[in-house]
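Chain order of the listed sequences is W and R. In terms of the numbering used here, the first sequence opens at residue 1 and continues consecutively. In terms of the numbering used here, the second sequence opens at residue 386 and continues consecutively.
No wet-lab data here; the hints were simulated from the structure. One or more of the hints may lead you astray.
[Said to hold, decoys possible] Pair ranges (Cβ atoms, derived): (1) W:204 / R:417: 57 to 63 Å; (2) W:202 / R:722: 34 to 40 Å; (3) W:74 / R:715: 28 to 34 Å; (4) R:712 / W:63: 45 to 51 Å.
[Unchecked claim] The list that follows gives simulated cross-link-like pairs (lysine to any residue, SDA-like), each with its CA atoms no further than 20 Å apart: (5) R:709 / W:3; (6) R:709 / W:140; (7) R:634 / W:345; (8) R:740 / R:475; (9) R:627 / R:652; (10) R:709 / W:376.
C-beta atoms are modelled at their ideal positions from N, C-alpha and C, and glycine is treated no differently.
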Amino acid sequence: MQLTPEEFSAFRDMARSFARRSVAPMLDHESPDGDLERTRSILDEAMATGVMASADPESPGHETGAWGRQAIENGPRSSLMLLSELASVCAGVAMNVHAAGLAALVLNMADKAPARVPARAAVALFEGGYLPGPSAIVNPSGAAPPIAARARGEKGGYVLSGGKDYVFAPFGLEAFLVFALEADDWACFVVPREAPGLEEADSGIRMGLRACPCLNLKFKDLVLPAESRLSFSTKTAHLVLEYMRLNWLGMVAMSHGMARGALERAREYAEERYQGCCLIINHPAMGMLLSDASSRLLVLESLMEKASLEEGTAWRKFILAAEAKLAGLRAAADAVTDSLQVFGGYGYMEDYRMEKRYRDVNSLKCAGGSPRDLRAIIAETIGEK
Amino acid sequence: MKPPTHPDEAKKNLPLFGRLFLREHKGDLWEDETMTLPWTLRRMRRKYKAFADERIRPLELEVDLDVSKLDKDGLFKDYAKLGYATELLPWPIGTLPLPCVLGWYGVPLALKIEEITAACGGIGLMLGAHELGFAPLVLSGSPSVLTKWVIPTYAALKRGEKKLFAFAITEPGAGSDVEETEGAMKAKVVTRAKKVSGGYVINGRKVFISDGGIADYVTLFACLGNEGVESWTCFLLERGMKGFTLGRKEKKMGQKAGDATELVLEDVFVPDDHRIGPEKSGWALNRSVLNTSRPGVGAIALGISRSAFEHCLDFCRTTRLGNKRLVEYQDIQIELADMLIKIFAARALVWSTVKRFIPPMAAASAVTKVFASDASVAVCEKAMEIMGDHGYMHGRGVEKALRDARLTQIYEGTNQINRLGIIEDLWDNDIGV
Numbered sequence: 001m002q003l004t005p006e007e008f009s010a011f012r013d014m015a016r017s018f019a020r021r022s023v024a025p026m027l028d029h030e031s032p033d034g035d036l037e038r039t040r041s042i043l044d045e046a047m048a049t050g051v052m053a054s055a056d057p058e059s060p061g062h063e064t065g066a067w068g069r070q071a072i073e074n075g076p077r078s079s080l081m082l083l084s085e086l087a088s089v090c091a092g093v094a095m096n097v098h099a100a101g102l103a104a105l106v107l108n109m110a111d112k113a114p115a116r117v118p119a120r121a122a123v124a125l126f127e128g129g130y131l132p133g134p135s136a137i138v139n140p141s142g143a144a145p146p147i148a149a150r151a152r153g154e155k156g157g158y159v160l161s162g163g164k165d166y167v168f169a170p171f172g173l174e175a176f177l178v179f180a181l182e183a184d185d186w187a188c189f190v191v192p193r194e195a196p197g198l199e200e201a202d203s204g205i206r207m208g209l210r211a212c213p214c215l216n217l218k219f220k221d222l223v224l225p226a227e228s229r230l231s232f233s234t235k236t237a238h239l240v241l242e243y244m245r246l247n248w249l250g251m252v253a254m255s256h257g258m259a260r261g262a263l264e265r266a267r268e269y270a271e272e273r274y275q276g277c278c279l280i281i282n283h284p285a286m287g288m289l290l291s292d293a294s295s296r297l298l299v300l301e302s303l304m305e306k307a308s309l310e311e312g313t314a315w316r317k318f319i320l321a322a323e324a325k326l327a328g329l330r331a332a333a334d335a336v337t338d339s340l341q342v343f344g345g346y347g348y349m350e351d352y353r354m355e356k357r358y359r360d361v362n363s364l365k366c367a368g369g370s371p372r373d374l375r376a377i378i379a380e381t382i383g384e385k
Numbered sequence: 386m387k388p389p390t391h392p393d394e395a396k397k398n399l400p401l402f403g404r405l406f407l408r409e410h411k412g413d414l415w416e417d418e419t420m421t422l423p424w425t426l427r428r429m430r431r432k433y434k435a436f437a438d439e440r441i442r443p444l445e446l447e448v449d450l451d452v453s454k455l456d457k458d459g460l461f462k463d464y465a466k467l468g469y470a471t472e473l474l475p476w477p478i479g480t481l482p483l484p485c486v487l488g489w490y491g492v493p494l495a496l497k498i499e500e501i502t503a504a505c506g507g508i509g510l511m512l513g514a515h516e517l518g519f520a521p522l523v524l525s526g527s528p529s530v531l532t533k534w535v536i537p538t539y540a541a542l543k544r545g546e547k548k549l550f551a552f553a554i555t556e557p558g559a560g561s562d563v564e565e566t567e568g569a570m571k572a573k574v575v576t577r578a579k580k581v582s583g584g585y586v587i588n589g590r591k592v593f594i595s596d597g598g599i600a601d602y603v604t605l606f607a608c609l610g611n612e613g614v615e616s617w618t619c620f621l622l623e624r625g626m627k628g629f630t631l632g633r634k635e636k637k638m639g640q641k642a643g644d645a646t647e648l649v650l651e652d653v654f655v656p657d658d659h660r661i662g663p664e665k666s667g668w669a670l671n672r673s674v675l676n677t678s679r680p681g682v683g684a685i686a687l688g689i690s691r692s693a694f695e696h697c698l699d700f701c702r703t704t705r706l707g708n709k710r711l712v713e714y715q716d717i718q719i720e721l722a723d724m725l726i727k728i729f730a731a732r733a734l735v736w737s738t739v740k741r742f743i744p745p746m747a748a749a750s751a752v753t754k755v756f757a758s759d760a761s762v763a764v765c766e767k768a769m770e771i772m773g774d775h776g777y778m779h780g781r782g783v784e785k786a787l788r789d790a791r792l793t794q795i796y797e798g799t800n801q802i803n804r805l806g807i808i809e810d811l812w813d814n815d816i817g818v
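Pulled out of the complex, with its shape left as it was, chain W reads as follows (with noise of 0.2 Å):
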């Protein structure tokens, strides 16, 4: 059922007293990123008031949690509200959620749930760092460079080799759900955290998005039970194609909520900071770079609005988001440029928190399907219907 207009707004009120209630404290800290420390018992909160979703049933955010089981049902507007709510604030920890969101939903997407459901998980699809694209979802097996993680059959289940790189994964998660090819189609596994021949390890030291970990996930030999494939009633490639469907517009609403933070506070600065005689706000060049960054939101707004409420095919639905998080996330880093410089000095230094929306909103444009990835999708699919 969607939610009306006034269940909306409620909503969206609800998550941004969240995000100002318990993510805005983490950043009165002197670390560029705040104190991250404090990531995981946000997420937790997160968790207890239904912003952040769990497959598991009990969890108050299985339903009404970001991706949590309504986005199933009602598309993925409110979701998007949520993520973009707490990356005004911070987008490392909305990027916990969404990646922990993004496994439920997969979960929840099962015909059956795992004898153990994970409260907290992470999907793992990319490797090396490079999407494949559509074709190469379709038919996996044919994939150029080929798909490493591979899952074969053995003694009544399943052994897994190969590795995933830069997976976002949420604090206290428990479990990855490991995209990978057995007998040349895709399947996905539930893959406990402490499973033996799982190793994972720091992608590094990374320009934004900190308050999230990010793994590269090695498979050596790791043996699963046959249940811990998940089954779905759709073909797995075209869950597959949803996932990262979905992954682009939340990475859309994080870098609308980015841009949105940076405005408010330039437009704040601008209206307190004199220069010369007069408010900055006041001077023409201020304009200018303040206009610019609204009107990139409104851009942002319209690409969300149009991706998310798009009726027609799965496929064209897939492009859309390509087409979306290519030029949003462009829009958003441009809008919180133009939003740092307002600040002129201040903005390049930790103060004021715009330098970490500036390496935040490049870390995402790059995340999860670049700007190259996205055009060799896009332009793979022009001219299909």
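Got chain W; can you put chain R on it based on the hints?
Coordinates of chain R only, in the frame set by chain W:
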């Protein structure tokens, strides 16, 4: 076997003189561009690169994470001993080769800054800020400053002594204001000098001062008494002067090896012989310094773009996607070409601006700074985008380049202020007529 359309083969069909007109690209691009310079500058460019490769490049990523890993004093002394900190004046006072005076005066500085910042933007700022701090002494044109300060300081630097300079104009309530004429008239400048017997007493604060925390000397601009910025006068402050202390050390997004510190002045007595130039000559001197330094910011931006390009190219050469290297994909080639176009254009602009008999005018300096810094950010962004998820990883170098590049759009006047400065400079004769 080269195809018949390859330039090497095709040129054989031309007569001898025709072959001479067909310019071929031999060797690498860096060396090819070096060969367009006069012999003295070629030699200098190669020396700068060797220094940067040996002493700075290995520290690039480590120092970005932990600036305490950089021995700033040691590096600066070695830099000075090689004669690189004394190139604002020619031999015998400085170390600028005499042929450079003949129309190539600013070129060595631009070449040096590009090479150093191509190795590390932050270390480039740390070393380059010294030139900025020392520039008022030279540009004041004052014989007494020359004999009292310039000659002894240059002699000490050539011996490898640490005499590091910083330049202080920015104040908490007057940042970009003091980089533009109209804004400066209304700026809320708080640093003031009061004339007393034998000197001046200075009170106030300066912020975001590059090398402020490590400099031995600071060229600082202050208003006289209760007058406005038109009374600005330049003073030379020495570290350790009573009442002269360091305030907060800024935490920046990038160029981390370059220090940015607040200077606090509480009843600092500055003797008369520490005044640089006549009273009230500070505003003109400030303009002169900025006209000289903004192409230097262009060179910093240029070096950082080169760093991003080189890191990205290395990635594209060594990363295989499917059955071929990334660099062999047409879309990647177009992106790399776009980056090169911006780097070529920025270098052409920087070299053209500094390659003059007379110092560059304000408009040309600002054009260079704005174009090169915007180009640099665009190149770094493109490099990150090409590298996808690898792009935001610190170990790959390009995210650092983007963080470093972003500052070049802000310091030495934001690019907005510089754009207004271009129009202001051209108003009387070109724009407003």
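Hint check results:
A beta carbon spacing of about 35 Å between residue 204 (chain W) and residue 417 (chain R) contradicts the range 57 to 63 Å that was offered as a hint. The hinted window of 34 to 40 Å between residue 202 (chain W) and residue 722 (chain R) holds, with their beta carbons roughly 35 Å apart. For residue 74 (chain W) paired with residue 715 (chain R), a C-beta distance near 42 Å fails the hint of 28 to 34 Å. Roughly 49 Å separates the CB atoms of residue 712 (chain R) and residue 63 (chain W), a value that falls within the hinted 45 to 51 Å.
In summary, the hint linking residue 709 (chain R) to residue 3 (chain W) is not supported, as the alpha carbons are separated by about 50 Å, beyond the 20 Å threshold. About 19 Å separates the Cα atoms of residue 709 (chain R) and residue 140 (chain W), which keeps this hinted pair within 20 Å; it holds. Taken as a hint, the residue 634 (chain R) and residue 345 (chain W) pair is honoured in the structure, with Cα atoms around 13 Å apart against an allowance of 20 Å. About 16 Å separates the Cα atoms of residue 740 (chain R) and residue 475 (chain R), which keeps this hinted pair within 20 Å; it holds.
Between the alpha carbons of residue 627 (chain R) and residue 652 (chain R) the distance comes to roughly 8 Å, so the proposed pair stays at or under 20 Å and holds. Pair hint residue 709 (chain R) plus residue 376 (chain W) holds up; C-alpha atoms about 16 Å apart against a cutoff of 20 Å.
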